[in-house]
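J.: If you read the sequences in order, they're chains Y and C. Residue numbers for the first sequence follow the working numbering, beginning at 1 and rising by one. Residue numbers for the second sequence follow the working numbering, beginning at 1 and rising by one.
It is worth saying that the hints were derived from the structure and are not from the lab. Ideal Cβ placement from N, Cα and C applies to all residues, glycine included. There may be inaccurate statements among the hints.
Stated by the list, open to error - To spell it out: a stretch of chain C is covered by chain Y in this simulated footprint if at least three of its residues, at any positions, have a beta carbon under 8 Å from a beta carbon of chain Y; those stretches are:
#1 93 to 99
#2 132 to 139
As the list claims (entries may be wrong) - Negatives, chain C to chain Y, calculated, CB over 12 Å:
#3 T33
#4 Q104
#5 F105
#6 E169
#7 G192
2 protein chains.
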Amino acid sequence: MKLYLTANSGNSYKVRILLSLLGMPHERAFVDTGSKAHKQPSFFALNPRGEVPVLEDDGVVLWDSAAILVYLARKHGGEQWLPVAPGPMAQVMQWVALAGNEIQFGLQYARRGILHGRWTAGTLEQGQAMARVALNALELRLKDHSWLSLERPTIADVACFPYVETAPEARVPLDPYPAIQAWLARCKALPGWAERRM
Amino acid sequence: MKLYLTANSGNSYKVRILLSLLGMPHERAFVDTGSKAHKQPSFFALNPRGEVPVLEDDGVVLWDSAAILVYLARKHGGEQWLPVAPGPMAQVMQWVALAGNEIQFGLQYARRGILHGRWTAGTLEQGQAMARVALNALELRLKDHSWLSLERPTIADVACFPYVETAPEARVPLDPYPAIQAWLARCKALPGWAERRM
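Based on the provided sequences and hints, a complete structural model is requested.
T.: The structure is reproduced here in structure tokens:
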């Protein structure tokens, strides 16, 4: 199993968290985005989006972090991280979708703009407004639940964590969201949770 | 089973397509977005995002179109529209994720901006650039496959269809994408495929 990643990518971090929770040995291939390695034909052959992460395993190539979480959870996690019953599975995928929508295009893009000057999908204010939609949904859920989808941690929590934790770097303070702050701490306290820094 | 929707929402259309393919009877509640009914407390109680579609069924409330597709496919479609084996399930979810990411924030947002003057996540040019990332990925896959994920239609095709079909309304012509055009026609020819117009 080979994971293409960068050290700073939050979407790669999602995959590292789950691999660590599952205790899965894997090879890591660091993609040199500084020299645009992810925009070369050899990388586009792996991932038509030209982004990390990408997972290769047993001839399967997956180029979307949500799909990689689904794959690893189903293959190596039994029903613990992604149950297959319709209701619970959909409850998990709902928050995984939020991680790819408002969290990605709100929190991640605003942070990326601030840190790297890349504004490819709206202004800081637009990103922050979208971020607040996501954070309000999270806070509402977490006010009276420990985890996002079920009564235990799932890939929903893994998928939402990386860019919610860095919300302050998108200049969206987490002070108004005490339930989110407590949830971030619960996530980090899970046995096997991966450090962000590599 | 009750679906909250609007007649013009492409995300609602995804759900209508799958319900129609599955032949599932259901109640429809049209949300009057013109009077901002989706931004009222009663609707936020159903969906903290304040958007359509929302599905209510047997006490389960789902407020994300991808999650609703997962739910319906798992509950009423056996393994036909969403298999549970790790590789095939992840292959399906990868394209469902693309539908919620580049297709949503590229094709849908550019179209919405043009049609309704709402530019909440970037300019027309930014939306079109993101749209082309998605369309290039689709075209590459569809050049030598009939369907997006597997050798049969799945919720991946259902999820990607609505805003790819309306790409020209986002001023992204589909002429450079013959495989996508053929796929759109194959989708519409499936027995039970729902009409866009209600």
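J.: So which hints don't hold here, by number, going up?
T.: Checked against the structure, the hints that fail are numbers 4 and 5, while the rest are satisfied.
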